[in-house]
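Student: Let the hints inform the model, and build the full structure from the sequences given.
In my numbering, the protein residues as written are -16 to 155.
A portion of the hints provided could be inaccurate.
[Stated by the list, open to error] Think about it this way: if two alpha-carbon atoms lie no more than 25 Å apart in a straight line, the pair counts; the simulated PhoX-like pairs of lysine-lysine are:
# : residue 1 : residue 2
1 : Lys65     : Lys97
2 : Lys103    : Lys65
3 : Lys65     : Lys146
4 : Lys146    : Lys10
[Claimed, not checked] DEER-style ranges, computed between Cβ atoms:
# : residue 1 : residue 2 : range
5 : Asp39     : Lys145    : 20 to 28 Å
6 : His154    : Asp39     : 21 to 29 Å
7 : Ala120    : Asp67     : 31 to 39 Å
8 : Thr(-4)   : Asn132    : 31 to 39 Å
Since the hints were derived computationally from the structure, they do not count as laboratory data.
This structure is a prediction, so every number in the text was calculated from the model and none was measured.
We treat Cβ as the ideally placed atom computed from N, Cα and C, and that holds for glycine.
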Amino acid sequence: MNFWAMDNDRKRTFERIYAQHRDMVAKMCLGYMKGDLALAEDLEQDVFINVWNALDRFRNEASFKTWLYRITVNTCLQHIRKRDNKPSSALPEEGPIAEATPDEGEERKTRLYKAIGQLKEVERLIIMMVLDGEEYATIANVLGTNEGNLRVRIHRIKNNLKKHMNKLVSHE
-16 MNFWAMDNDR
-6 KRTFERIYAQ
4 HRDMVAKMCL
14 GYMKGDLALA
24 EDLEQDVFIN
34 VWNALDRFRN
44 EASFKTWLYR
54 ITVNTCLQHI
64 RKRDNKPSSA
74 LPEEGPIAEA
84 TPDEGEERKT
94 RLYKAIGQLK
104 EVERLIIMMV
114 LDGEEYATIA
124 NVLGTNEGNL
134 RVRIHRIKNN
144 LKKHMNKLVS
154 HE
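Tutor: Written out as structure tokens, the structure is:
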């Protein structure tokens, strides 16, 4: 999709991109940040800043969605690398903070994102694209593989997720 051909106004183009792809980016960031909503929201902003800065460099060599997935993954991984290289300066917690208990659906979603966060990078990318409703052909294209291999990987990833989810439930 050539955005400049559709609309020469960069700001309106960006607003359209944001409106169409915000949910997908938010879900991927949440998966990479293991369910930490505040951190995922910060990363989502970073992704769209990176998209704004790189918009002129999009050359239609891949689909726009593939390009956006790559920017999202790279932004998340860059954050993880920076975080992992910093010495921890977090203060010890003094005790549990009273919060409203989330409903069971929210708890399950939080566990899912924590389990996704325990997967390998490529597995996270694949499962986040599947959860986003992306077609297998698109996912296979992003990964440079065929749909048959992708289906096998997805099956294995789902089994891994079940194991991680069961561990999380048993530790609660």
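Student: Does each hint fit the structure? Answer for all of them.
Tutor: Hint-by-hint comparison with the structure:
1. Lys65 <-> Lys97: holds, 20 Å
2. Lys103 <-> Lys65: The given pair, whose Cα atoms are some 18 Å apart, holds under the 25 Å limit.
3. Lys65 <-> Lys146: violated, 29 Å
4. Lys146 <-> Lys10: holds, 21 Å
5. Asp39 <-> Lys145: 20 to 28 Å: violated, 43 Å
6. His154 <-> Asp39: 21 to 29 Å: violated, 47 Å
7. Ala120 <-> Asp67: 31 to 39 Å: holds, 34 Å
8. Thr(-4) <-> Asn132: 31 to 39 Å: holds, 35 Å
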